[in-house]
Amino acid sequence: MARITAGIGTSHVPAIGAAIDNGRTGDTYWAPVFEGYEFVKGWIKDNTPDVVILVFNDHASALMLDIVPTFAIGFAEEFLPADEGWGRRPVPTVYNHNDLAAHVAEQLVIDEFDITIINEMDVDHGCTVPLSLVFGQPTEWPCKVIPLAVNVTQFPTPSGERCWKLGEAIRNAVKTFPEDLNVQIWGTGGMSHQLQGTRAGLINAEFDNRFLDLLAHEPEELATLTRLDYLREAGSEGIELIMWLIMRAALGYGVEELHRFYRVPASNTAVGHVVYEARS
Amino acid sequence: MTRARLYSLEELEDIPGTLVFTARRSRQGYHLHKFCMSLMQEDNRTAFRADERAYLDRYKMTEEQKLAVLARDLTRLIELGGNMYFLVKIASTDGWSAQKAVSSMSGMSAEEYGQMMIDGGRSPDGLRSKRDQPKEDRH
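These protein sequence lines map, in sequence, to chains A and B. Under our numbering, the letters of the first sequence match residues 809 to 1088, in that order. Under our numbering, the letters of the second sequence match residues 7 to 145, in that order.
If you're looking for bench data, these hints aren't it; they were derived computationally from the structure. Think of the CB as a built atom: it goes at the ideal place given N, C-alpha and C, for glycine as much as any other residue.
Here are the in silico distance ranges between beta carbons for each label pair:
| # | chain 1 | residue 1 | chain 2 | residue 2 | range |
| --- | --- | --- | --- | --- | --- |
| 1 | A | T1034 | B | R30 | 13 to 23 Å |
| 2 | A | K983 | B | R55 | 46 to 56 Å |
| 3 | B | D138 | A | E920 | 38 to 48 Å |
| 4 | B | N50 | A | N830 | 17 to 27 Å |
| 5 | A | E1085 | B | R82 | 46 to 56 Å |
| 6 | A | K849 | B | L73 | 45 to 55 Å |
| 7 | A | E843 | B | D125 | 12 to 22 Å |
| 8 | B | Q121 | A | E1028 | 35 to 45 Å |
| 9 | A | P950 | B | R64 | 40 to 50 Å |
| 10 | A | E948 | B | L15 | 44 to 54 Å |
These stretches of chain A come out as covered by chain B in the derived footprint (C-beta under 8 Å, 3 or more residues):
| # | segment |
| --- | --- |
| 11 | 870-879 |
| 12 | 1007-1018 |
Just chain B, same shape as in the assembly (with noise of 0.2 Å):
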């Protein structure tokens, strides 16, 4: 017998600001992964930083997926499938800190971000679910 679903599936996208890494966003990101993976070698990272776009097109990414990864558009390449545990080897590869790396998506700076984190991080209040926020907020 299926037993019942605690919660609806719909329910995973309610979370502001969040995308909760499915087994359909891991599809769509699959290529992008294989090319993040790869930097955990160090002749992969000198063959990318010699020349990205070459390196990059040896796989099978998009090209929205490529730009972004030009741009180091963490925003963008999670919207277009990526997950932060692949695409921190990116972060790693250009010697950012994975906390530089995270702020870049917070819309703070990452001195800002430092701070509130030392602060003692973000507050979830109002953030549970996109029914907490203002009309406008909502995305």
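Chain A with its partners taken away, still in its complex shape (with noise of 0.2 Å):
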């Protein structure tokens, strides 16, 4: 049988993929950022998963405009990284899990959530930046992904309580699915940040850490989070922590916080990072 054995949590700021792509993770801006993903990096090398369901938001470069899905699950074998505007990054191709993915699909529609497939589609920084920042810079990723896109940019979006749902929902279609597969969720996106306005460069470090206080043991005092109080504590795009919470619940009742990071800033935003082993 396949099981969720952790979860990452991370932040998927562009900046930090340049970084990498750059070779200026060393940098005194960039080397604080960095230290904070030794330790994943070590861990994650005797805790590679067969499969990572990365859920994360796309940032306009493969939906959003003639189509906005609130959950979309990508079906292709294969997708390239995205060329957002300065060419695409020089990473490996990401591959999918295609029967995971489908069986995922398909009880997740049973569980109503009447999720989007996505035949073809490039993944932009919110999937490769987590990935470079767990796994480095190997030529292919060292295991399977499957691509999960939540509207996080465009109201209405879905609210935390709905993805705590789908997490759970999640939880429950790979643990019926027959191949024995260790897999790995991770949670992308946020801190605290607002990229437009007069409010540009909110951060809220109260506000993030409470979170991170709370996702670990007390997570069901998150999900009653309103989109309204993202906005207001988090700012217009501090709002993808909800993606946080699919991750969360799709560990089940009891992890253990092996790994947790916060730093400001990286470019506009406040950095998060936190890596839970399920115990349940």
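Work from the hints to combine the two standalone chains into their complex.
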């Protein structure tokens, strides 16, 4: 049987990808950010999963213009890194686990999540920056990746509560897949940031740290935060944090927090990162 | 049965200096965003750089949107339905960092803004609701 063994939460700031691609991880500005990822880079070597279900949002690279799916799952065999205006990132192609993706989609619909199927998609920094942060710069990603895209850009976005329930449904779906697979779920985006207007540059360290405090052991407290709460407290783009709730819910009741990191800033954004091991 | 909303839609308009990207605004920005997404191809970036106005005229954008693109006025583009995830493709085409692009809306220079971020970013205090703001600053 397949099982979800661990979860990773991380910001997916595009400038972090650029720093990696341009060999600037040792710069004074960037070194303290990358130090926060030393743990996971070591840990993943002994805990490489067969598949990562990678929850991210597309930043108007493949979705969001003509079609705005609330929840969507990647179904192609492979996904190229997107050209977001400065050429494709020099990172490996992402390869899907199509059988698990098909099973998850089937089960989610049974569970009343009418998920959109994506048969063609380039993946942008939301998907590739977390892979770089965790796996470094290999010639191929060491596992299969199922991209799961959430609309956190155009209102109405899903609520945090709905994301929590999706995470629970993903957990149940993976558990019923007959093949013996080690699956991780990653929740990406955030933490607090705002990329528009006179409130640009907003960072709310108190909110972010409270979010991290509760996420491990009292996540039900977070499921009641409204979308308006995220906008007010964490900035218009800080609402990406609802994707971390999908990750946490998919891990089940008990987790062990193996690592936690928080740092301001990376470009416009507060960087948060956790590694959880499933306990139940 | 219809479930009750947890907050009124009007409250989305209550955050200072913030235009929440609603479905209405998305529609207003649709052709602007079609242009932005076209910049994900090098051939199109080259054509845009060669003659910005002629390139913009290929799209069914409003004249106001075209002028704001030519002026790189991101504040105005957001008022005209734009969303930063689309607009940042213009900045990338120009070789601007996302931070420089965002700073251009903040009322600060790129250097001042960068320093503010290094110092911990902009505090949300007083910026959660227009009700928290001194009257003359409300808009």
